[in-house]
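Turn these sequences into a full structure, and let the hints guide you.
Note that UniProt numbering has the sequence shown beginning at 1, numbered continuously upward.
Because the hints were derived from the structure by calculation, they are not lab data.
Incorrect hints may have been included.
What the hints assert, rightly or not - The calculated label-pair distances, taken between Cβ atoms and stated as ranges, are:
| no. | residue 1 | residue 2 | range |
| --- | --- | --- | --- |
| 1 | Lys207 | Val250 | 43 to 49 Å |
| 2 | Glu162 | Gly187 | 25 to 31 Å |
| 3 | Thr26 | Pro115 | 36 to 42 Å |
Predicted model, so just to flag it, every value in this text is computed and none were measured.
The beta-carbon is built from N, C-alpha and C at its ideal position, and this holds for glycine as well.
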Amino acid sequence: MRENKTKKLLKEGKHAIGIMVSEIRTPGIAQMFATSGFDFFVIDTEHSPFSLETVQDMVWAARAGGITPIVRVPTRYGHHNLSRPLDSGAEGLLVPQVETREEVEQIIKATKYYPLGERGMALRRTPTNFASVRGEEVTKWANENTLIILQIESKEAIDHLEELILPGVDACLIGPNDLSQSLGVPGNTKHPLVQEYVDKFVEKCLKLNVPCGIHLPTPEALQPWIEKGMKLLMCSSDINLIVDNGKKIVDALKQMIQRR
Numbered sequence: 001m002r003e004n005k006t007k008k009l010l011k012e013g014k015h016a017i018g019i020m021v022s023e024i025r026t027p028g029i030a031q032m033f034a035t036s037g038f039d040f041f042v043i044d045t046e047h048s049p050f051s052l053e054t055v056q057d058m059v060w061a062a063r064a065g066g067i068t069p070i071v072r073v074p075t076r077y078g079h080h081n082l083s084r085p086l087d088s089g090a091e092g093l094l095v096p097q098v099e100t101r102e103e104v105e106q107i108i109k110a111t112k113y114y115p116l117g118e119r120g121m122a123l124r125r126t127p128t129n130f131a132s133v134r135g136e137e138v139t140k141w142a143n144e145n146t147l148i149i150l151q152i153e154s155k156e157a158i159d160h161l162e163e164l165i166l167p168g169v170d171a172c173l174i175g176p177n178d179l180s181q182s183l184g185v186p187g188n189t190k191h192p193l194v195q196e197y198v199d200k201f202v203e204k205c206l207k208l209n210v211p212c213g214i215h216l217p218t219p220e221a222l223q224p225w226i227e228k229g230m231k232l233l234m235c236s237s238d239i240n241l242i243v244d245n246g247k248k249i250v251d252a253l254k255q256m257i258q259r260r
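Here it is as structure tokens:
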């Protein structure tokens, strides 16, 4: 059983840098991100076709590479939707579209063992390397090392953020695209109202002493939010890296051809 290095970074007030994977199914992607220097990566099962078997394959590669695997679950509802990725070895969950205190209570119930929650006990699984371990040892370790991140994606969630930060919640990540839709300007993440609410989100998180972050396509886009105090930094994705950098290569080669 190993320490969750991303959770440790956040608890120490340091920055944690991550990326999203949504399409590339090879376990090797975990090692690629680890070699690049990322602290964590998020396996997206909300908007991707990934199965739980794919998740576990990536998790094993992540464990070998020393990078933290986090799963964005497809829904905030359902005990099994939250607990099974953890049984498969995920070291944390990103839970989308959280809005109410009752939802957070159910999330903690499903993802934490006694005394915080009622997660079903499965001791000889990936998290314990299939070893024979004592129940009280595993439950204490899992409660301390499982990283639970709430994805805050609506006006309602930001307005009532204080009610959502319960024991067992480790961090919050703003979802600007869904937030823009909640505010009546779908897709316009640069709209002043959206920016106002992201600012409000950061201010509340800092006041509540909970690490917060955002997922954006470039370091330049993240810079102003780093300056405002965000610590959980997600930048780019497997799709962006391939398509955007691929386009740069093709454009550069076409320019060379045209200059001949």
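Notebook entry, point to check: Does the Cβ pair Glu162, Gly187 satisfy 25 to 31 Å?
Noted result: This hint holds: roughly 28 Å between Cβ atoms.
Checklist line | Pairwise beta carbon distance, Lys207 to Val250, judged against the given window 43 to 49 Å | finding: 47 Å, holds
Notebook entry, point to check: That 36 to 42 Å hint for Thr26 and Pro115 (C-beta), does it hold up?
Noted result: 40 Å, holds
Violated hints: none; the structure is consistent with every hint.
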